[in-house]
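J.: Sequence:
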Amino acid sequence: MAYQLKLAEKLVILNDRGQGVLVRMNHIKKICTDSKRRPFYLTDKSMESAIKYINRKFPNIDFRGNSQHLSSIQKQKSAVVDGLHSYYESFIDVMEFRDHVYELLNTIDACQCFFNIAVNFDLTKNYLDLIITYASVIYMLSRIDDKKAIVGMYNCAYELSKGNSDPAYPRLGQMFLEYDHPWKKLSEEFGPHTKSVTEALLSLHLVYPRRNLTAEQWRSAQLLSLLASPAAMLSPACCETMACEYLSMEVMERWILFGFLLCHSSLHTNTASQNLWKMALRNGLYITVIRDEVLNIHKVSEDIFDGHKGCGKRIADIKECKEFAIVNCGALRREKRSFLRNALKELTKILEDEPALLGPKVLYVFMALSFSRDEVLWLVRHAENIPKTKTPEDYADSRIAELLYYMEKLRALLTQHSYVIQRYHLQYLSQYDALALNDTIQGMLVCPEEESVLMSSFVSTLSAMSLKHLDSREEFDFKPFRLDWLRLQAYTSIGKAPLALKDYPDLAKIMNMTQFHTRMMDSVNELLYETADLSILCFHARVFEKLFSQCSEDVSMQRHLMAFPLICSHFSECLHLLCPEETDELEKQSLKLCVTFLEEIARQACTVVLEICAEQCNLHEKLLAKHSAETISTARNKKLKKPVAKKGDVPKDKPGTESHRKDRAIITNLDKMHQTLTELCASYSSCTDFTVFKHIIIPSEFLLSQLEIRLTKVIVQMASYNQSNQDIARPSDLLAGIQAYVTTLHSLGCYINIDVSRLVKSVLLQQTQPLDSYGAQTITTLYTNWFLEGLLRQASSALIVHCPTIQCFINQNIENEQSFRAEEYSDICELSSLAELIGPYGLKFLNENLMWHIISQVGELKKLVIDNMDVLVQMRANFENPEAMSELQKKLTGSENVLKRMTIIGVILSFRNMVQDALQKIMDKHCPFLMRPIKCLKDFIYPDTDIKVTLSVYEMASAAGLPCEIDPALVSAIANMQTDNSSIEEEFKITCLLLVYIAVSLPTLCLDPNSFYSREHGGHQNNIHCLATAVNQLAAAMLTVQRKNIQIHLQEFLKVASSVLLQLGQNVERVEIKNRDSVYLLLHMISKESPFLSQDMLEMCFPYVLLRNAYREVHKTFIHTMG
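Reminder that position 440 of the sequence shown reads as 439 in numbering that gives the first Met the number 0, one-by-one numbering, no gaps.
It should be emphasised that the hints constitute simulated quantities derived from the structure, not laboratory data.
Since the model is a prediction, treat every value here as computed from it, not as a measurement.
Hints should not be assumed to be uniformly reliable.
In silico SDA-like pairs for lysine to any residue, Cα to Cα no more than 25 Å straight-line [unchecked claim]:
1) Lys-712 to Lys-638
2) Lys-76 to Tyr-168
3) Lys-501 to Cys-238
4) Lys-1043 to Pro-1102
5) Lys-545 to Lys-508
6) Lys-5 to Leu-590
7) Lys-760 to Gly-655
Start from the sequences, fold in the hints, and give me the full structure.
T.: Written out as structure tokens, the structure is:
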């Protein structure tokens, strides 16, 4: 008879089914209470009248006689059926589940089953789980306010579509009405089952009281300590009720409180029931139903007893227990968490040092995990619903991170050393359990055939195991073994069984212990889920984030913060196959929480790192050469015995004094930052990666990402660019600051294993582009804007002078003092630093902007040529005729404008040449192996080489900073500015006339008093010496685009310019000849800088004696100063 009932199989199947139905009810409740996710038909305004009518008449609804109310459903009947079908089927699942539970509970009562958690543990546990799951399903069903509307609308649409009502609708409607007051109805239903339920619950009096101890009692017993008895350290941890040792306190409390709610009549007659019930009531205020759904157990219990006569004593007990829980429970739980933190820490350290102890002492690990999980979940559900108390701090814990951390460490140890655990327990099963079980069976007086077959299979299965199976990496599967043990419990626990398990406690003891040992072979992960699962935190996101925030503020807890994102990796364990719809939502929530925690940890670590970098940068800045002037001055004054400074003047500390300590106890701010960084980086060492819903998470990447973002901003801030007053940091200062930051960042490798080189390369490479990866301006853009707007704009107005002698720009000595000293930003050192900072890519962007300004000037020059074309054509033909030239000069307009624009072009090109020289120097320094072949390739370019090949090679050479006879960037810019309407011949004509225009305009420079040549600077005061660069490079580029001979047309330019300038010698007026000698030098500069002209060509047009006399004259006025 017992074999045919299949009680064990039904309990297992119904428990799993019940969990799935419970999850679905919870999911439907959440959807119906969320305005954004509610079914469309419940929010559609056209359905309001139908919903009100259905709720009013439910379940007896006349679907055909009230077409006026239900017309909206009639119009969308097919869509309503499709949209609400899954909800309707879920409610039918509840009804079918209830029917199966009724049937099984009645069968169990009829069989007079015996329940004792210490004897038939699995049978009792499954029985109590089924009762609690069933009660939870019914309670959750009652919490769905829209269930009547959903079922009514579905059945209405179904009847309008099919012509008849759904067969399950009448029973479903009746069930909804019955459970409007779920606990009252459930307590009526469980009246017949009171004896069995009470017997199962009372068996907990052997387990629950000794588990429900205070932290002080735990300390006295040295619970979970492997060091309490060193002599027994290698002895296996075992007892008569092994599975009860790690059974969750929360589960037992749920059994007790829910069980006595359903069977409260036993509380009036049984003192043991009262004691157990009151003990559970004193242990907290809320009990979990499912996920974040909690029950205020005292309120619900009071409401139930309030409706029954003669329950005044029980109501008083409830109030007394509630008061006790409010006053004492928070502090007691806080002490338990404090004890568990230290106990888990000790256990973890010992097992990390001696992982072989996981074999005999693995039970301690599961006990520690189970105890810790109970405390964490108690805190979470009570922190979500903090009662009115004088000590609300008891419901917050800024040190919970440490407990969570060691829980994760223990889980990781079990996974890492699974082989050790399996090897130990395989030998235990085959060499002890099998023998002990065989001896026990042999000593039994009665053993029916079915039970005998099962027990014989137990012994044979265990005896057949050997280490060969483990070493060959065979997969172990003891689920059939454990199911057979559950079957045997069911067979031997019914009334009048031939073999009663309660008469053979030794068999129960050895089988319960063997069952635990088999779980160590194949289902450690399942046991971890039972004892350490914290996936419920996914549904308490607010409390979870609050706990993280509290822990992150405590420096001593920062090394344990990684436990929070690690817990998110277990959230997938709360999914159930019966509710696949919530997978995406839970995945998003899990990833959101995980990313939030990792970003906050990374943000804190990044902040500390950059603060240390800033401090080191400040210390490095004190060592710069610019700060040595004061020290030198002080030393010089001391040597010359000048008066000492006044007492009020406090002498500045020298660099390095911050390292001198009079007392080691003194902690500086830098020490505190290093300590914080050590703690934060320690959290990253706990794991390199983990998985959240099939997403591989690498924590260190979040730190690198934060560092990249923040470091990019810091570098830009260090540039200190102010557009309003054109202020910016010197490139050398910025480079020194970045080098200090990079040096400090590399020391981060001492704390954590991350690729700092990749980070630095990524950040600095982004700074060589106009915009970084987030679309923000980089130092390339800032320095490009500053050099164009701040330096070159003033150089174009001759406020700043290009100084070829010292290769920089300098300020003019004028009344209006400039906001910056040009030489401090444009000398060789600064431009080299600029090239180091922004590299070839950044300088390419700078050159493109320079070319844009040059092209705008060329466009204006072309307009001037076109306006004076007729005059220029005649001048080109008559440049050797002084009289004709004199007349044509009077007709020519815009000479000063042409020279001014050409000077601007020359200044820009001179600056570009300086930048290119700096780039070449940096490239030679960093990659000489690359520069040598580029130089070699450039040397192989001859005049008769194809121009396309020549420009390609020059483009590569120019990108490396090498000087080229023809500027490829200028050629490209000029080629791009040509329009489709203009022909090459026309452009060529304009180019030739432009050269003539420049040549014939040179004499006007003599009228400018600033055209004086300064020997000190190696150039003219108004930058006209830059005309030489402008003429050579612009002419070469324009003629290259037009495929014409550069040398011939530059010689023509020399002839025209020489002829015009020689005519100045015939002019005796002092005004025109004042700076004639300085202007003569321009011809020498042009021929000297040009790769297409020579000194011989110049001498054919312009006598060398005049150049020699000109140099002598300009040098006469130079004042020699001897320092």
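J.: With reference to the structure, classify each hint as holding or not holding.
T.: Hint-by-hint comparison with the structure:
1. Distance hint between Lys-712 and Lys-638 is unfulfilled; the C-alpha atoms sit about 46 Å from each other, more than 25 Å.
2. For a cut-off of 25 Å, the pair hint linking Lys-76 to Tyr-168 stands: about 17 Å separates their Cα positions.
3. Our distance criterion of 25 Å between C-alpha atoms is met by Lys-501 and Cys-238, whose separation comes to about 18 Å.
4. Of the supplied pair hints, the one linking Lys-1043 and Pro-1102 is violated, its CA atoms being roughly 28 Å apart against a limit of 25 Å.
5. Taking the CA atoms of Lys-545 and Lys-508, the gap is near 44 Å; set against the 25 Å cutoff, the hint is violated.
6. Note on Lys-5 and Leu-590: the hinted pairing is violated, with a Cα-Cα distance of about 43 Å set against a maximum of 25 Å.
7. The straight-line distance between the Cα atoms of Lys-760 and Gly-655 is roughly 30 Å, outside the 25 Å bound, and the hint therefore fails.
Hint check: violations occur at hints 1, 4, 5, 6 and 7; the rest are consistent with the structure.
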